[in-house]
Structures are given as structure tokens and as C-alpha cells.
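Enquirer: Required output: the full structure, derived from the provided sequences and hints.
Now for the letters of each chain:
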Amino acid sequence: KNEVEQSPQNLTAQEGEFITINCSYSVGISALHWLQQHPGGGIVSLFMLSSGKKKHGRLIATINIQEKHSSLHITASHPRDSAVYICAVRDGGSQGNLIFGKGTKLSVKP
Amino acid sequence: DGGITQSPKYLFRKEGQNVTLSCEQNLNHDAMYWYRQDPGQGLRLIYYSQIVNDFQKGDIAEGYSVSREKKESFPLTVTSAQKNPTAFYLCASSIAGTDTQYFGPGTRLTVL
Chain A
-17 KNEVEQSPQN
-7 LTAQEGEFIT
3 INCSYSVGIS
13 ALHWLQQHPG
23 GGIVSLFMLS
33 SGKKKHGRLI
43 ATINIQEKHS
53 SLHITASHPR
63 DSAVYICAVR
73 DGGSQGNLIF
83 GKGTKLSVKP
Chain B
13 DGGITQSPKY
23 LFRKEGQNVT
33 LSCEQNLNHD
43 AMYWYRQDPG
53 QGLRLIYYSQ
63 IVNDFQKGDI
73 AEGYSVSREK
83 KESFPLTVTS
93 AQKNPTAFYL
103 CASSIAGTDT
113 QYFGPGTRLT
123 VL
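Order-wise, the sequence lines are chains A and B. So in my numbering, spot 80 of the first sequence is number 62, and the numbers just go up one at a time. So in my numbering, spot 43 of the second sequence is number 55, and the numbers just go up one at a time.
In case anyone wonders, no lab produced these hints; they're calculated from the structure. Honestly, I wouldn't trust all of these hints.
[Stated by the list, open to error] Derived pair list, reagent style DSSO-like, types lysine-lysine, alpha-carbon separation capped at 27 Å:
id : chain 1 : residue 1 : chain 2 : residue 2
1  : A       : LYS84     : A       : LYS50
2  : A       : LYS36     : A       : LYS87
3  : A       : LYS87     : B       : LYS21
4  : B       : LYS95     : B       : LYS21
5  : A       : LYS84     : B       : LYS21
6  : B       : LYS21     : B       : LYS83
7  : A       : LYS37     : A       : LYS91
8  : A       : LYS84     : A       : LYS36
9  : A       : LYS50     : A       : LYS35
10 : A       : LYS84     : B       : LYS95
11 : A       : LYS84     : B       : LYS69
12 : A       : LYS50     : A       : LYS37
[Claimed, not checked] In silico contact screen, one side only, chain B against chain A (beta carbon under 10 Å); selected entries:
id : residue
13 : LYS21
14 : ALA104
15 : THR119
C-beta: ideal position from N, C-alpha, C; glycine also.
Expert: Listed below in C-alpha cells is the structure:
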């Protein structure tokens, strides 16, 4: 069973486009994370959310706890945004263990 | 420079051999984690440790072993009992009781 579902799996965009990546989850959570994995494999944490909305530069993350859904938006996309974006949730009943989505592979063309 | 390092980046081993992957952090984090990533799948937790000399099995611990003798080090041994060891292995650390994990660059293990 997939407790964290991301859509789309793959996304190709032209430079400058507005991008939305979605994450739905089925478990009760205490926090949701958005992570970015670069082509070389390294992962960096972008956001941690438990409610509402967060913004960092051109990245915006929102979460709707009632609907168990989160979105990651990228405004004015750039080729350097090309990466795999991973949604992960902290299971409210577990000791800090994260449950990861399969990731969304984003390619931004110049 | 504070961070988390994994070595080597690429590792090749023959089937039936044990292999140990290194993970070191100088962030003074108490908690450390090992994940496995396979194509088309999310990261899966192998083992985690929240304090020195203590560790717990994750979701896919069979065929793996770890030690946590020092706060900064959490090596992972992939044993010959692991049926499908070829994968990308990621180590992470965090401040105890907090959610944000800091990841190393990963080790790509190929068993021939």
C-alpha cells in the first residue's frame, strides 16, 4: 500500500513556467517534508510543514490537513530547478520515522 | 565545514561478500539513519540510532547490520544474507526529537 502518493511522476516544463507538484497521504501525520534530490543523488530539505503555507524564494509549499494533501509550487522555473522532488510525512504514531513518496522528476528546459 | 559524509561514492562487490558503508557526521547530531533507494521507489528505512550504543531496526533491516560506537559514526554492513543489495544507500542525521534530517551524498553499491 502506498501511504504517500505523489503526482505527477514525471514533469517537463519550459523555463519560466509555474510548476505544481502534489502529495497526498493516507496516515495521520505530525509533519510533512518536501525534499529535493539533485541528479548526483544528494538530498536537501526544502520545507517542513504542519499547517498552512511556507515560502522560500521561488518555492511555495502548502498543506491542507483536512484533505491530507500538500502542494509544492515553483514560480518562474529555471533549468537549475531540475531535480527529483520528494514528499515525506512523519507518521504521527511513530518515533520520528519518515514515510517517503516515490518522488516527482522535474525537468525544466531552457 | 559541518556536514555528513559517506564514502565511497561508488562501490563494487562480488556476490557473497560483506561490505561496510561509511557514514560520518560532525553536526553533533544524536540521531542517525540509513535508507535504501531503488529506482521508482521511495526511500526505505534500514536502521536508525537515536543515541550512541543503541539502534533500532527500520522497515527493511534483514540482511543488514549497524553499529553506533561513536556519536559521529554509523557504519552500515551489507551482509551476504541481503538478497538484492544493489541500490543507492543514503545516510542521514538529525537533532534528537526534531524532524529535519540532513542527508549525506549517498553510496551507490553494485554487487556483481
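Enquirer: All the hints need checking, so say for each whether the structure fits it.
Expert: Consistency of the hints with the structure:
| no. | hint | result |
| --- | --- | --- |
| 1 | A:LYS84 / A:LYS50 | 17 Å, holds |
| 2 | A:LYS36 / A:LYS87 | 22 Å, holds |
| 3 | A:LYS87 / B:LYS21 | 22 Å, holds |
| 4 | B:LYS95 / B:LYS21 | 22 Å, holds |
| 5 | A:LYS84 / B:LYS21 | 22 Å, holds |
| 6 | B:LYS21 / B:LYS83 | 22 Å, holds |
| 7 | A:LYS37 / A:LYS91 | 24 Å, holds |
| 8 | A:LYS84 / A:LYS36 | 22 Å, holds |
| 9 | A:LYS50 / A:LYS35 | 14 Å, holds |
| 10 | A:LYS84 / B:LYS95 | 22 Å, holds |
| 11 | A:LYS84 / B:LYS69 | 22 Å, holds |
| 12 | A:LYS50 / A:LYS37 | 20 Å, holds |
| 13 | LYS21 | 8 Å, holds |
| 14 | ALA104 | 8 Å, holds |
| 15 | THR119 | 9 Å, holds |
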